[in-house]
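Enquirer: The chain contents come next:
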Amino acid sequence: MLGTLAQHGTDTVGDGAAAAGAHVAHAAESIAAATPGAELMLAVPALTLLAAILCGLCAAFRVRSKLPAWLSVGCLGASFVCVLLTYLNLAGEHGAGGIVPRIAHGFEWLTFQWGRGGTGGEGRSFVADFSLYVDSLTCLWMLFVTGLATLIGLYASEYMVGDVKTAGYSRFFAAFNLFVLSMSCLVMADNLVLLYLGWEGVGLCSYLLIGYFYKKPSAVAAAKKAFIMNRIGDLGLSLGLMLTFVHFGTVQFNELWPLIQSYASGATPTPFIVQLIPVLFTVGAFGKSAQIPLYVWLPDAMEGPTPVSALIHAATMVTAGVYLVARFLPIYALSEWALPIVAWGGALTALLAATIGMAQFDIKRIMAYSTVSQLGYMFAGLGVLGSVGAASHVFTHAFFKALLFLACGAVMHGFAGQLDLRKLSGVQKMPGWRIVGLTMLVGCLNLAGFPLITAGFWSKDMILADAFSHPQFRAIGWILLITAGLTAYYTFRVYFRVFMGPKYFEPGDELHAAAHGDDHGEAHDAAGHVTHSAAPHGQHMAAEGALAAKGHAHDHGHADAHGVFHPHPPGWAINLVLTILALATFAAIPLFFIGDHHGWVGDLVHGSSSNPASAAAAHEAAMHGHGPHGGSFLGMDPHAVMYYVSAVVGIIGIGIAFVLHLAGRTTPATSRADALLPALGPIARAAQHKWYVDELYGVLFVTPLRVLSHIFHLIDKLLVDGLVNLFGWLPRGIGSFVRRSQSGVLHDYGLRMASGLAIILLIVLLGVLR
Amino acid sequence: MIEKLQTLWPEITLFIAACAVMIVGLSGTRSIRALCTPICGLALLIATFLSLGGLGGVDITVTGPLPVLASYGKAMVGVIGVILLLLIPGVVDREFDAAPGGPGEAPQPPRAFEAIRSNTAEFHAFFLFSLMGLMLCAGADDLIWLFLALELTSLPTYVMVTISTARNRSLEAGVKYFFLGALGAAIFLYGFALIYGGTGSTNLEAVHASIVAQADAGGINSITMAGFVMAIIGLCFKIAAVPMHFYTPDVYQGAAAPVAAFLAFVPKSAGFFAIMLLTATLGWSFGASGTELPGPVHSALYIIAVLTMTVGNVLAILQNSIKRILAYSSIAHSGYMLVGIIAGPGGGGGADSTLSRNGLSAVWFYLVCYGVMNVGAFAVVASLERRRADGTHDEIDSVADLRGLCASRPLLGWTMVISAAGLLGLPPLLGFFGKLPLFTSGVGAGHYLLVIILGINSAIAAYYYLRLAAAPLLESRDPAESVGGEIVESPYRLRTAAGLISAVGVVALALGLGGPLGSAATSVGQSGFAPSYVGRRAADRSPAVIPAAAHTVDDEPRDVEPAADGSVDGATIESDGGPPDARFDHAR
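Residue numbers (my numbering), protein chains in the order written: chain W, 1 to 770; chain V, 1001 to 1588.
If we strip away everything but chain W, and leave its shape as in the complex, we get (with noise of 0.2 angstroms):
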């Protein structure tokens, strides 16, 4: 520690006129400053910002229409575009993988410095400027937030239609800026400061959006879950961030990647407090994207609209711990704990969740455990240094997750907020509902992994096959591949049930719900024939039956006046938003056969910060397509055989799902598994509780927390409380005594003036010069 900092403290004072450190930093930062070319990436949070404020300002001037949605739609799309200008002017010389990071300074945020520079060397600074920091990891994150962001954001116009005579279709849209906006902070800061600004953001604009329909006590809940687990995974990255700054004296991304490269020789030992900085990290990480133990927060967040769902809880907020840790990946290479922990925590979550997500009823919730289950994989094969297959996973599922996601919101949407496979069956047959059917197959065809003809089989191939190339993260390699069987099977487990089978639906409650009515009076009113529909998607489809005959062909009444619904098929918005997010997930398969290093994907993640080779090498460790490979899958080559072996356990997992699920089933509540659930005994009910996990944090935190915040109670009514009665009084007693000096006679405040200066005179001139 002292001697980064002697080093940092050296360059100051050789720079002689008494410069600031910053003056120094900034000279290693004009190295990559001196190349220009990424100033257009700051107009994503510009746009965003402005998209946010003009929806606030819609809000304000009680704007009634799609509006916000369209300009929305509009920003966001420009802000892709300008990702898009920003990385083919990147890459244009030199391919993806030769993007030279470069930073686009926006503007002058946080500069203090303090000490003497020139005299004694102490002088420390510290500068965290609203700077991009542009490279290749950069704009792959980028791509996918900006461009998924668009994509949802044309879905949720439509989607969120129920409430666009309320404040709430504004406000929605708001706050899906301004997620964007903390996104893009968060993935393209040049510093931590300007992160951890941007991990805050979306942190708010999650809890924002869960608790969307806050009249609702399930969705305050949620908001409030997401947000304390959050905080508590916050803490660590806080104190990582810290600890980062008191040890390397700098929280800027270009000025610490020397000085963490400084330790990679293993010339000298790594400090103590650089092995714990990336374990403070992980907590965070792994309480953004909710890993044992912090998971729990992430499928209650199921209660906001599915578009956030897709969107943050799916695609982009929920990577940004991934994204960490890629960021981060050479100081991770030097702790010999921080690895192992992602590893380790990544591959129990991923099965944790996927065998909760085999037993559960709502295919939102589902979703959502497949979700923590595959940021799993992420969080493995980041662990076993494998970041090229963990960023192509991450992009990858981006697309087949919004998409699951987006199709399960249109059956949502068309039936009353149903969402128990329990009570829907054939829906793929209905009519209007074949584009939903057909992505919905994509989705779940990417997520199983089925062999060759998705994207998502490619990208956890490769983490598979380096879990089982390092010997000691073997047992990680076998608990992800059996995840991986698990998974098929439950995500088929959902398709055919719900889209497959005899034609069957119950509608969800929400046409029944009182709960959330108030401010959609008139909706329903001048609806006429819904006489019961409360909740928010009952009204906006009484709603739209009154508006009538708008883009579709059937009666839009959805229940007549005999109370028989009808299924609402989704329209156009939707239908597009689910077909081009289908293609995109064929297209990314070639992706992964151009480049030098496991497609493109790999180029980009080996021209950034989270090199896996110069990571391996700093870990001491062989990596993938670099040098021989230390482990084995059953005496073969892991990268070889893996193809075969996770195309042949999806299939199987597929399979089962057929025969459980869909082959010989008449009725939609029953299926043969059902048969099997006597034999599984107290397992398969406990999987259906999440193996009780939200109990247990019950008894094991809340309880006892709630027993301490009483006894804590006492101590500070008591105590605490009398010692600030205490303090409080001391000013109190203080002014009311020196209040007698304000007594409002003029000679007497002429004589305390006079005396004032005697007194102080006295002082000086007695005690100072003796």
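If you're looking for bench data, these hints aren't it; they were derived computationally from the structure.
None of these values were measured; they are calculated from a predicted model.
Among these hints, one or two may not hold up.
Claimed, not checked - One-sided excerpt, in silico: chain W residues whose CB lies under 10 angstroms from chain V:
no. : residue
1   : F126
2   : L746
3   : D748
4   : G756
5   : I760
6   : I763
Stated by the list, open to error - Chain W residues, not near chain V, derived (Cβ > 10 angstroms throughout):
no. : residue
7   : K224
8   : K364
9   : Q428
10  : L660
11  : R685
12  : D694
13  : Y697
14  : D716
15  : L723
Claimed, not checked - Covered stretches of chain V, going by a simulated chain W footprint (3 or more residues, C-beta under 8 angstroms):
no. : stretch
16  : 1180-1186
17  : 1303-1315
Ideal Cβ positions, reconstructed from N, Cα and C, are used throughout, including at glycine.
Fit chain V to the given chain W structure using the hints.
Expert: Below, chain V alone, put in the same frame as chain W:
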């Protein structure tokens, strides 16, 4: 002489405008009288423009301890002067304006205009004269100039306080203010006289050169030291610091809110300009580390700063009157700013100085922030009045009068909330960014204890500022309380506008628009003298302004021939040279 005059374009503009409003304000026609405010505003804007160098044709920086202060100091006075000006209409001569009647009543006709009873002309002229004095302070390079400028700042305010309301309270406040102000002026004038006695010059550059010479020769003589200490204690009256703070609450409460806002900013700024100039003349090259003010001045300022923050804050807790709270908080804020003075420019104040390290920059920056936030709070008080049953009106005074303001009058309510939260230093508002450099410069200079005391005091301040913020926002108004008459918004809507401008400023300047302000502050803190640290090392004796001569200092040979002293006198003292060499006889 001509060179000196051309640095005074802003003051000359204000003077012309003051003459103009003296005539215009006596017109019998109301619409012509109403021109006073636009004339003042125009003059202030022109003065600001000229202060910033016009279109490059005017250079008003002076040679002296802080050359850039003349430019940015005057610009700051101009800008905040405009906001203060918006509060002025309706302070005097209200009876000659049509009074809006109560609800449902017709407006009461104005009284016939009598020039002899009118105060409009004087009031506006005094307003400009006082601001002119403040600008002259910023550009002072001589003790006599400084004294006259300080008095030009203060004398009009005595009258403004007295005529600001028709009540006896104002009369009492004016009398107290005048007598105590005279006492304070006497003290710092005595201090100035001692400085002249100790150094043989009133020119700040010459004084600086003499101090450097004395320090090299073994120590600054006691007379000079006593002079500086007394001058600073006397100036404590202007900045409302202990032990000269006693008048503050009585005078602020007695004066009308617009005048109180004026008092909280203008004389305080004048005092701080003067203290900055005096301490910069001394230089921060003494003490054990070679980075402090000379011992006596350092410890005097230290004591004053600690006492001022503490006394201001603890007394503010006990108040119920908004104006008294703001008065005590104004005392506390002076204490905060003294931390920046004690810390000094850090690192020599050369071209490399930054806002976060340079205490003087921090003080100037905080003055601007404080000026903006403070006007907001006072503007809310000025915009609300209690109309009694008999048709007379009075300013609101109690914190309870603010209750529920955010609901009933959102603009005023939120202005109060934002201003109070800003004054408290709540991030991300302006007060936070203003206070931060004070903290960092204090830490940078190694005065940890002082910074801790500053932190504790900021926490105590939350007690009363949060009351000011909570009353409009969280509490609701009990209708039964309107005993003394209902609370209505003042007919002079410019006051509301002033509040709004400052509230917007508190938010906007904090959110990134403060960048230019920060760089202005940074240049204000740059010393006009070649650094003469460290450890009383022999410094460059040349009086020429060498802002970026940091390297050359260290290269200078340590031993300087005694003959060099003589050349100093010859080179620096131009017109008012004291007896050459005689001062060393005094000194020893």
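Enquirer: Please go over all the hints and tell whether each is borne out by the structure.
Expert: Comparing the hints with the structure gives:
Taken as an interface hint, F126 of chain W checks out: its beta carbon lies about 9 angstroms from the nearest beta carbon of chain V, inside 10 angstroms. For L746 of chain W, the suggested interface contact is upheld, since its CB lies about 5 angstroms from the closest CB of chain V, less than 10 angstroms. Interface hint at D748 of chain W: satisfied, since its Cβ lies 8 angstroms from the closest Cβ of chain V, which is below the 10 angstroms cut-off. Satisfaction of the interface hint for G756 of chain W is found here, the shortest Cβ-Cβ separation to chain V being roughly 2 angstroms, below the 10 angstroms cut-off.
Using the Cβ-Cβ criterion of 10 angstroms, the hint placing I760 of chain W at the interface with chain V is satisfied: the shortest such distance is roughly 6 angstroms. Of the supplied interface hints, the one on I763 of chain W holds, with its beta-carbon coming within about 7 angstroms of a beta-carbon of chain V, less than 10 angstroms. With a least CB separation of 22 angstroms from chain V, K224 of chain W remains clear of the 10 angstroms interface cut-off, as annotated. With a minimum CB-CB distance of about 37 angstroms to chain V, K364 of chain W clears the 10 angstroms threshold, and the non-interface call stands.
With a closest Cβ-Cβ approach of about 52 angstroms to chain V, Q428 of chain W is found to remain outside the 10 angstroms limit, as its non-interface label requires. Non-interface status of L660 of chain W relative to chain V is upheld: no Cβ of that chain comes within 10 angstroms, the nearest being about 56 angstroms off. Distance check on R685 of chain W: its Cβ is at least 49 angstroms (rounded) from any Cβ of chain V, clearing the 10 angstroms threshold; non-interface status holds. Here D694 of chain W stays apart from chain V, with its beta-carbon at least about 36 angstroms from theirs, past the 10 angstroms limit.
For Y697 of chain W, the condition that its CB be more than 10 angstroms from all CB atoms of chain V holds, with the nearest at approximately 33 angstroms. With a closest Cβ-Cβ approach of about 19 angstroms to chain V, D716 of chain W is found to remain outside the 10 angstroms limit, as its non-interface label requires. Consistency note on L723 of chain W: stated as away from chain V, and its beta-carbon is indeed over 10 angstroms from all of that chain's, at 15 angstroms minimum. Coverage of the stretch 1180-1186 of chain V by chain W holds [criterion: at least 3 residues with CB-CB distance below 8 angstroms; count 3].
Requiring three or more residues with a Cβ within less than 8 angstroms of a Cβ of chain W, the coverage given for the stretch 1303-1315 of chain V holds, as 7 such residues are present.
The structure shown violates none of the earlier numbered hints.
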